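**Q** These protein sequence lines map, in sequence, to chains E and A.
Taking our numbering, I'd label the letters of the first sequence as residues 45 to 320.
Taking our numbering, I'd label the letters of the second sequence as residues 708 to 1021.
No lab work stands behind these hints, which were simulated from the structure alone.
Wrong hints could be hidden among the right ones.
[Said to hold, decoys possible] In silico lysine to aspartate or glutamate, EDC-like type, Cα no more than 16 Å apart, as pairs:
no.: 1; chain 1: A; residue 1: Lys925; chain 2: A; residue 2: Glu910
no.: 2; chain 1: E; residue 1: Lys229; chain 2: E; residue 2: Glu214
no.: 3; chain 1: E; residue 1: Lys146; chain 2: A; residue 2: Asp730
no.: 4; chain 1: E; residue 1: Lys91; chain 2: A; residue 2: Glu853
Note that the structure is a prediction, hence the values are computed from the model and not measured.
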Amino acid sequence: MKTKSRVHKTFIYALLILFSLLFLAPLFWMVTTSLKGPDELYQFPPKWIPSVFHFENFKNAWISQPFTQFLMNSVTVTVLATLGQVVSSSLVAYGFARFTFKGRDFLFVVLLATMMIPWEVTMIPLYMEFNFLGWINTLKPLIVPAWFGGPFFIFLLRQFIMGIPKELDEAARIDGANAFQIFYKIYLPLMKPPLILVTVFSFLSCWNDYLGPLVFLNDQSKYTLTLGLAQFKGMFGVDMEGIMAITFLICLPPLVLFFVAQRYIMEDVSKSGVKG
Amino acid sequence: MKAIHASSKPYMEFNQKKKIKWDKLVPFLFISPWVFGFLAFTLGPLLFSLVISFFDWPVVGEAKFVGIANYKTMFTDDPLFWKSLWVTVKFAAFFVPLNIITALVLALLLNQNVKGHSFFRTFFYLPSVISGVALAMIWAWVFNGEYGILNYFLSLAGIQGPDWLNDMSWALVAMVIASLWGQGQMMLIFLAGLKGISKEMYEAASIDGANKVTQFFKITMPLLTPTILFNLITTIISAFQQLTLALLLTGGGPLNSTYFYAMYVYENAFKYFKMGYSSANAWFMFLIVLGLSLLVFKSSSAWVYYEGEVKKKK
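Throw the hints in and build the complete structure from the sequences for me.
**A** The following block contains the structure:
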């Protein structure tokens, strides 16, 4: 019986390790390629560890295009949109979770239903709308909508608020606090875990966004990093080590953020996902 | 004293009235950002998109009402429409089940109480935090026919790998593989679903003499069906919106073998500037996705098991 369970355990470990290698190999391949010299780049069988680490690949690729400008644009969009997302989504979530008003449940169903709408359907009118406002080729289309709340984030925060005992705000109300003070002074501090989650996911979706910048931006000076990288790849005479170096740099902030916020992502989001 | 009291009473009443009105307004103030955003960035565009789908709407020049002509052209006079629809259906037919199976298998493995399972969990989730552009860049290099690592691994097994992205019969398979790499979110949701199954259930089953395999099919799977339903619908929706990978890995080629429906919609709008036609395309896709989701949802009463219902029967 004991040997049987040991065989079973070994089998599971073997599978886990195999899958880990499969999932990590492309990332490793990216890192190692970014450090290779031209002589080792196109070799078969491939060399896993370059004999010399060519760190200058990063600098060369970075300065070959206005990547510093792209970085500034990406940072602007990501920071401002995420800030807007956190502020607006938490306000709206509180409104849905803590008040009863006519049409509330209907509106909430509508909010959930909007998550089903494919972006292709609204893409053209949005383009026309932003064009009418003179926002095309500016970063506004990527920032402003975030200030009006995201359905998924609102849902996430609402679920969390519903789990907070209501007695808390009754006590505060007796003390004379108004709705906004209660939200700001009592709820916001309690909402730290889901707010971190919203921050992380909003950051990831803005930083990683490609289609938004692709549709709404024209001039290279307005490009975000993802758009810059896509353009960089299509250029003549660009080598793989440069592309992988930039790719690696673009992946770095999400990866770092993920490791910092890992605890929240792994535990909280999965729970709320099931409830949905 | 009396005078003050008399004068303050109407004031109080006024204040009370104002307060009640204010109280009614407060919830709307809280949700107003979303309401405004919904009207301006979702409902408005949605309706407008429906309207222009009945127009010939070029970027420059007059828009002309054409009735259902756009929809008619799409079905009867546009081979690319059928081609892209077929490519997307093929992609979904492979991707949807494979994505769910991969995520489920990984979640089951992680749920086996192994040491270091948080490390493995991190490894499997890691690719999902990466941008679609970065993902495409990495996989373009992995799939490289001459120098890529995928063909290197295949060569170790004595298999001569194809030139994935330039081979008509393999490019779509390559897309499926690259997309599977980002299954992390789904795995986490399955993992949470598995954690939600109470241990007592398994204990009771093993006292009754059920072995692991029976337990899996009689306990784990049925109790996981609501999670599978959720994941199924999300994957179907995402399969029909796949665009980034197609744009960056193959550009729809070779010979349109990876020309996804989303790419068809996108190019009609922003490459050929047929805004009305593209809107008609988009609405048709919306209806397909809605229909499929509804179908899956309707079918769920036959295969999704809800604990609450059984309790009622008892």
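**Q** For each hint, tell me whether it holds in the structure or not.
**A** Comparing the hints with the structure gives:
no. : hint                 : verdict
1   : A/Lys925 to A/Glu910 : holds, 13 Å
2   : E/Lys229 to E/Glu214 : holds, 13 Å
3   : E/Lys146 to A/Asp730 : holds, 13 Å
4   : E/Lys91 to A/Glu853  : holds, 14 Å
Every hint, counting from the list given before, is met by this structure.
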